[in-house]
Each structure stands twice: as C-alpha cells, then as structure tokens.
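Protein chains: 2
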Amino acid sequence: MEFEQTPRNRVRRIPQRGQYDQATIYAIIDEALICHVAFAVDGQPFVIPTLHARMGDELILHGAKASRLLKHIQAGHPVSVAFTLLDGLVLARSVFHSSMNYRSVVIFGRGRTLEANDEKMAALAVLTEHLAHGRWQEARLPTPQELDATTVVAIAIESASAKLRSGPPNDEAEDYALPVWAGVLPLQLAALPPVPDPQLASGIAAPEYLVHYHR
Amino acid sequence: MEFEQTPRNRVRRIPQRGQYDQATIYAIIDEALICHVAFAVDGQPFVIPTLHARMGDELILHGAKASRLLKHIQAGHPVSVAFTLLDGLVLARSVFHSSMNYRSVVIFGRGRTLEANDEKMAALAVLTEHLAHGRWQEARLPTPQELDATTVVAIAIESASAKLRSGPPNDEAEDYALPVWAGVLPLQLAALPPVPDPQLASGIAAPEYLVHYHR
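Residue numbers (this note's numbering), protein chains in the order written: chain A, 1 to 215; chain B, 1 to 215.
Just so you know, these hints were derived from the structure itself, not from any lab.
Model, not experiment: these values are computed from the prediction.
Beta carbons are placed, not taken as given, at the ideal position from N, Cα and C, and that holds for glycine.
Treat the hints with care, as some may be off.
[What the hints assert, rightly or not] Only pairs whose alpha carbons sit at most 30 Å apart, straight line, appear in this in silico DSS-like list of lysine-lysine: (1) 163/A x 65/B; (2) 120/B x 163/A; (3) 163/B x 120/A; (4) 120/A x 65/A; (5) 163/B x 163/A; (6) 120/B x 71/B; (7) 163/A x 71/B; (8) 120/B x 65/B; (9) 71/A x 163/B; (10) 120/A x 71/A; (11) 65/A x 163/B.
[Unchecked claim] Here are a few chain B residues that face chain A, going by a calculated C-beta distance under 7 Å: (12) 49; (13) 128; (14) 146.
Modelling step: build the complete structure from the supplied sequences, incorporating the hints.
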C-alpha cells in the first residue's frame with residue numbers, strides 16, 4: 001500500500017529521497033523511540049516531543065488528562081508528527097555537499113479519544129512494549145484510578161511520507177582529488193548497561209530485554 | 001539570564017521539570033545534533049527535522065533556495081523549534097510511573113534572511129562546526145555560486161523553555177516491595193568508527209575529531 005502524494009505530504013526538496021509505501025513508513029515509526037508532534041493555535045505553531053506507538057493504522061499518544069496537546073487533539077484539530085532516525089554524518093570534501101544519513105517520516109492526521117477501558121489498556125500495552133519489549137508482562141499494570149487519570153488518543157494516519165538518505169557523500173567531480181578525508185560517521189542510539197534503582201530489592205536481576213536492548 | 005514565563009513557553013505538565021535559564025537552554029540546543037521545526041499554513045501544522053546551530057542569541061537554519069520551510073520563515077511567520085536529548089528509559093515498577101530521562105528545549109521566534117555573503121559564510125561555519133568541530137578548517141569552502149544557491153536564516157530566540165528529567169523512577173510507596181526490576185536504561189547517541197568514502201584517495205587518515213567524536 002502506498003500513501004497518495006498530495007501537496008501536503010509530497011517530499012519537495014530532493015524528491016528522489018521521498019518514499020510513500022506503508023511498509024517503509026511503518027518501520028521507521030516503529031523504530032523511533034519518540035516523535036515530535038506539531039500543532040497550531042491561532043496561527044502559533046507548537047512542537048512537543050512525546051512517546052508514541054503504532055497500533056495498526058493508528059498512532060497512539062498518551063498523557064495526563066490536563067495535557068494541552070492531548071486536549072487539542074481531542075478537540076479534533078489536525079496534527080503533524082515527525083519520526084527521525086539519525087544514521088550518520090556525511091562528510092563530503094566540500095561543505096556544500098556535506099549532509100546526514102537519516103530515515104525520517106512525517107504523518108498528518110486527526111485523533112480520537114479512546115474511551116473504553118479495554119481499548120485504553122490495549123493501547124497502553126502497545127506503548128509500553130514500544131519502549132521495552134517484554135515490559136508489559138512484568139510491570140504492575142494500571143489500576144482503574146490510574147487508567148482514569150490517563151488520556152489516550154489514536155491518530156488516524158491520513159497522509160504520510162518518508163525521506164531517506166544513505167551511503168557515501170556525493171562530491172563534485174573536481175573535488176575528488178582534494179586531500180580531504182571524506183566518508184560517513186555512523187551514528188546510533190545506543191543503550192548502556194541498565195542502572196538499578198538504588199531502592200531495588202536485592203536478588204532482582206535486570207531483565208534480558210534491557211541487558212540486550214536494541215531498537 | 002532567564003526567559004520570561006508566558007502562556008506560550010510555560011511548562012504546564014509537571015512544572016517542576018521546567019527551567020527557563022539561558023545557560024541550560026543554550027547547552028541543550030548546542031548538544032542536539034538536529035532540531036524539529038514546526039510551522040503552520042492556514043491552520044495546518046507541519047514539522048520538519050533539520051540541522052541547526054546557535055550563533056549568539058539566534059538559531060541558524062539553512063537549505064536550498066526552494067525550501068518551503070525557509071520561504072515560510074523568510075516571509076516572517078512564527079515558528080516553534082524543539083531540541084530533544086534522550087538520556088534513558090525510566091523503568092518504574094508500575095507502568096503508570098514509567099517514563100524517560102531527557103533534556104528538551106522548545107523555542108519560539110521569527111527569522112530573518114542573512115543576505116550579506118560574509119554573514120552567510122559565518123553562519124555556514126557555525127553550522128559545519130556544529131556537526132563536527134574542526135571540519136570548517138579542512139573541507140572545501142562554499143564557492144560564490146554555492147553560497148548563492150543556499151538560503152540561510154537566523155531566528156531570534158524570543159521565548160524558550162527547557163524540560164528535564166533525570167534519576168531513578170518514582171514508584172508508589174506500596175510498589176517498592178514488588179519483585180519487579182526497576183531502574184534506568186541509559187541511552188546515548190553514539191558514533192561508530194568512521195567509514196571512508198569508497199572513492200577516498202589512499203593515504204588520507206580519518207581526522208581526530210571523527211575518530212573520537214562525541215557531543
């Protein structure tokens with residue numbers, strides 16, 4: 001399945017880096033730990049980083065009942081959400097052709113509030129598993145009071161595009177002779193060894209999904 | 001210096017995590033490799049990831065002349081820009097208190113176009129050095145034609161706030177007895193060894209600022 005190209009989602013700068021197929025887009029959303037949500041109030045744009053997870057064809061966000069962002073989404077306003085994976089610095093011989101390797105997605109949509117407790121619990125499970133696969137089975141699950149204090153919204157992914165760059169720099173032909181190092185500095189979001197809570201009871205080992213964490 | 005707290009920049013959710021001093025805010029902007037810029041056109045929000053650098057009290061962005069984002073900024077519209085550093089997953093005993101450790105900033109402002117070539121060159125130097133400190137001295141600098149093809153804008157940081165979380169989870173008192181591992185999984189944006197361009201001439205070693213890269 002491909003998302004339709006419209007003025008809203010079309011990749012304009014360097015269009016050959018644009019991709020519109022659902023599989024590519026969903027894989028980037030799923031790998032990204034967090035997203036950045038943009039919304040506008042009376043022409044003033046705002047952008048907020050937040051945890052997300054994908055549940056089927058919807059994007060799940062959650063937070064406290066008082067959250068301005070969530071109230072805005074609940075009121076039916078449009079949002080745009082970016083997911084960005086940095087894969088490396090691209091060091092060309094020239095400043096002009098220096099760049100980054102990345103996989104990024106921008107989606108557009110409007111949200112609905114999850115009202116039913118079973119649907120909210122399912123969404124919270126997906127959010128928890130998005131952070132650390134295996135955690136939902138181990139952690140103490142939300143109480144009815146905690147569930148009531150939490151707003152969960154699902155944003156239908158109406159429109160989306162991905163933009164990707166990979167590989168070595170592309171220099172001007174005459175620059176390849178310059179005595180300047182060129183190549184890629186790979187980057188990745190890396191996990192260090194888990195740090196136990198100072199109040200952790202003795203004899204509880206860090207779970208496997210944290211010791212060998214990767215996205 | 002502290003940024004004034006207004007309805008636009010005040011941290012509303014968990015206000016004790018909010019900070020408004022310039023030193024904290026600038027340090028986060030400088031450490032972040034990229035930012036996410038939000039803008040709105042006829043009520044439709046957009047968000048775009050891009051490279052940035054700070055030059056004094058202004059945020060520098062650049063791109064091709066045809067960039068929609070840059071044209072929008074050049075027209076004097078307000079933008080909001082987020083900078084987000086992920087420091088760890090916070091695994092509480094309960095799903096409800098699970099969180100992230102992070103240092104984030106959101107700024108608000110409007111941009112101006114850098115017109116003079118010397119000011120554009122100074123801004124491109126800051127952008128290049130933001131990516132890799134030492135690169136501007138080594139790489140082939142922009143030609144007049146390349147400079148002309150590049151738009152550079154400077155956004156005055158009118159308003160800003162930081163939001164930070166650090167440290168172990170904060171669980172409910174009765175949950176500390178649960179046999180569930182709790183703590184922090186530290187995260188960092190890590191660089192792997194530099195990968196030379198397949199077309200790199202022999203005898204050019206990777207520079208020190210890439211071999212021991214860290215932000």
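Unmet hints by their number, sorted upward, for this structure:
Nothing - there is no hint that the structure violates, so all of them hold.
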